[in-house]
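Now for the letters of each chain:
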Amino acid sequence: MIRIENISKRYRYNGHESAMILSDINLTIPEGQFVCLLGPSGCGKTTLLNLVAGFIKPSQGRILFNDARVTGPGPERGVVFQDATLFPWLTVRQNVEFGLRQRGLNNNNRTKIATEYLHLVGMALHANAYPHTLSGGMRQRIAIARVLALEPQALLMDEPFSSLDINSREHLQDELLRVWDAHRRTLLYVTHSVEEAVYLADRVIIMGPAPKSICGDMILPLKRPRKHFSDEFRSVIASLRLSLDALPCCIKPSEKKSGRI
Amino acid sequence: MGRSILKNLIPVLIFILLWQVIALMVTAVKGVPFPTPWQTGVKFGSLLGGQFLSDHTLYRHILDSLTRWFIGFSIAAIAGIGYGLAAGWSRLFEDATYKILHILQLIPGLAWIPVAILIFGIGETATIFMIAMTAFTPVAINVLSGVKRLDTTFVRAALMMGAGRKALFLQVLLPGSLPAILSGLRIGLGNGWRVLVAAEMIVGTGTGLGYSIIQARWTLDYTSAFACLGVICAIGLVFEQFIFNPLEQRTIARWALDRDA
Numbered sequence: 001m002i003r004i005e006n007i008s009k010r011y012r013y014n015g016h017e018s019a020m021i022l023s024d025i026n027l028t029i030p031e032g033q034f035v036c037l038l039g040p041s042g043c044g045k046t047t048l049l050n051l052v053a054g055f056i057k058p059s060q061g062r063i064l065f066n067d068a069r070v071t072g073p074g075p076e077r078g079v080v081f082q083d084a085t086l087f088p089w090l091t092v093r094q095n096v097e098f099g100l101r102q103r104g105l106n107n108n109n110r111t112k113i114a115t116e117y118l119h120l121v122g123m124a125l126h127a128n129a130y131p132h133t134l135s136g137g138m139r140q141r142i143a144i145a146r147v148l149a150l151e152p153q154a155l156l157m158d159e160p161f162s163s164l165d166i167n168s169r170e171h172l173q174d175e176l177l178r179v180w181d182a183h184r185r186t187l188l189y190v191t192h193s194v195e196e197a198v199y200l201a202d203r204v205i206i207m208g209p210a211p212k213s214i215c216g217d218m219i220l221p222l223k224r225p226r227k228h229f230s231d232e233f234r235s236v237i238a239s240l241r242l243s244l245d246a247l248p249c250c251i252k253p254s255e256k257k258s259g260r261i
Numbered sequence: 001m002g003r004s005i006l007k008n009l010i011p012v013l014i015f016i017l018l019w020q021v022i023a024l025m026v027t028a029v030k031g032v033p034f035p036t037p038w039q040t041g042v043k044f045g046s047l048l049g050g051q052f053l054s055d056h057t058l059y060r061h062i063l064d065s066l067t068r069w070f071i072g073f074s075i076a077a078i079a080g081i082g083y084g085l086a087a088g089w090s091r092l093f094e095d096a097t098y099k100i101l102h103i104l105q106l107i108p109g110l111a112w113i114p115v116a117i118l119i120f121g122i123g124e125t126a127t128i129f130m131i132a133m134t135a136f137t138p139v140a141i142n143v144l145s146g147v148k149r150l151d152t153t154f155v156r157a158a159l160m161m162g163a164g165r166k167a168l169f170l171q172v173l174l175p176g177s178l179p180a181i182l183s184g185l186r187i188g189l190g191n192g193w194r195v196l197v198a199a200e201m202i203v204g205t206g207t208g209l210g211y212s213i214i215q216a217r218w219t220l221d222y223t224s225a226f227a228c229l230g231v232i233c234a235i236g237l238v239f240e241q242f243i244f245n246p247l248e249q250r251t252i253a254r255w256a257l258d259r260d261a
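Taken in order, these protein sequences are the chains called A and B. The numbering used here applies: residue 1 is where the first sequence begins, and numbers increase by one. The numbering used here applies: residue 1 is where the second sequence begins, and numbers increase by one.
Treat each hint with caution, since some may be false.
Below, computed lysine-lysine pairings styled on BS3-like, alpha-carbon distance capped at 30 Å [said to hold, decoys possible]:
1) A:112 x B:166
2) B:166 x B:148
3) B:166 x A:57
4) B:99 x B:7
5) B:30 x A:57
6) A:57 x A:212
7) B:99 x B:30
Don't read these hints as lab results, they were simulated from the structure.
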């Protein structure tokens with residue numbers, strides 16, 4: 001369970017406080033729920049995800065994960081980034097083994113578990129390849145395997161399929177649902193696509209610019225498996241569109257990548 | 001295959017031709033015997049055959065130069081990589097020392113001569129000191145910028161998978177900055193080689209290629225000096241072609257991945 005309590009976030013540049021990104025957010029995400037954070041770019045979806053991941057610290061408030069306060073990143077909260085960010089100096093298998101190695105597993109067990117998860121995402125044949133020889137979709141599959149191998153209690157995904165072509169994206173969405181369905185872990189998923197959110201999520205949280213960071217919170221009344229073109233699917237999309245249309249289409253970019261750890 | 005040999009051969013032929021033309025012109029116009037490629041080649045052959053050059057064989061000179069270069073460069077490489085990693089890791093250390101690095105970088109290699117002689121006296125150690133000083137800065141600067149440019153998401157991914165400080169350093173920072181380390185070493189090696197030859201001319205080492213060139217000049221044995229120049233070029237080429245090029249191609253191909261993504 002993820003509890004987000006009174007969270008606010010401002011970024012700081014050269015000592016100056018910049019505008020508020022997130023303002024006074026309160027959310028509770030129960031165990032096993034698939035939650036999409038939906039909203040225009042720049043509204044702080046990624047910032048909220050990074051806070052839950054522990055990559056950044058809130059300016060105010062706190063985040064509890066299974067009742068323990070989040071103070072930094074950790075393998076119980078696996079993150080899939082927008083780019084696969086596989087380590088280019090490691091083979092596919094070694095990339096998946098990275099987290100297992102940190103846990104101190106021996107060689108045999110590492111290889112066994114890594115192979116199992118590579119199978120799960122259909123990449124077992126490429127175990128000995130280096131990431132640069134693979135396509136974007138394949139890399140993202142491996143990034144998912146790498147995180148699943150950690151056996152995290154929650155998955156945090158930041159627009160993981162947004163840089164893929166439509167075909168791979170839909171394939172990977174289906175595979176993600178299959179994998180999620182097998183274990184029902186809590187999943188927090190950032191997207192700016194209404195279709196994607198409606199196809200994947202149990203619950204959609206609509207985010208807007210601060211100070212009104214949360215503009216909507218909706219449990220989707222759709223059964224699984226979902227069909228892209230069913231009437232109810234379309235009507236849910238239409239109603240979410242309405243809420244989104246009320247928001248400004250984009251907000252000035254605020255999250256700057258810094259070169260330092 | 002045939003084409004590529006031809007492509008490599010053409011610049012060599014042009015170079016020899018130009019050399020021949022210049023040699024003939026200088027000899028004709030100024031009346032001093034300028035060694036032609038042929039004369040140099042013949043001389044080189046007899047030096048290889050064991051003819052003495054300033055009291056030692058050519059092999060001894062080459063060996064001594066290479067030894068000095070290797071020792072000086074090794075010191076610079078270890079210190080430079082160590083510094084770069086440490087300063088990339090700790091902001092405090094970087095801020096405290098980076099300006100010094102910049103000042104060092106502005107000092108031409110040969111300007112270390114008085115310092116070297118004052119500290120170490122004339123001879124071997126002074127030469128090695130000069131090589132180490134000139135090779136150190138490019139290695140240190142390159143490694144530092146390599147560590148700093150390392151993608152933040154790599155670090156985040158590693159922490160998320162449970163990497164501790166030691167693993168972060170050894171398994172992410174170090175391999176991640178390998179391309180920068182290599183290019184720093186390459187520049188350092190070149191700088192060291194150039195300053196070595198020059199230092200041997202002045203510091204009075206008694207052996208070495210630089211020493212031989214300057215001695216040959218005093219005895220008006222210009223052909224031997226030219227033969228030594230040829231050896232210097234050949235050694236440089238061997239290091240480029242057979243050590244650094246293959247290493248860089250291997251790493252760049254792999255590491256290129258997330259750079260442009």
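Evaluation of the provided hints:
| no. | hint | result |
| --- | --- | --- |
| 1 | A:112 x B:166 | 25 Å, holds |
| 2 | B:166 x B:148 | 17 Å, holds |
| 3 | B:166 x A:57 | 23 Å, holds |
| 4 | B:99 x B:7 | 45 Å, violated |
| 5 | B:30 x A:57 | 76 Å, violated |
| 6 | A:57 x A:212 | 20 Å, holds |
| 7 | B:99 x B:30 | 49 Å, violated |
When the structure is compared with the earlier hints, violations turn up for hints 4, 5 and 7 and for no others.
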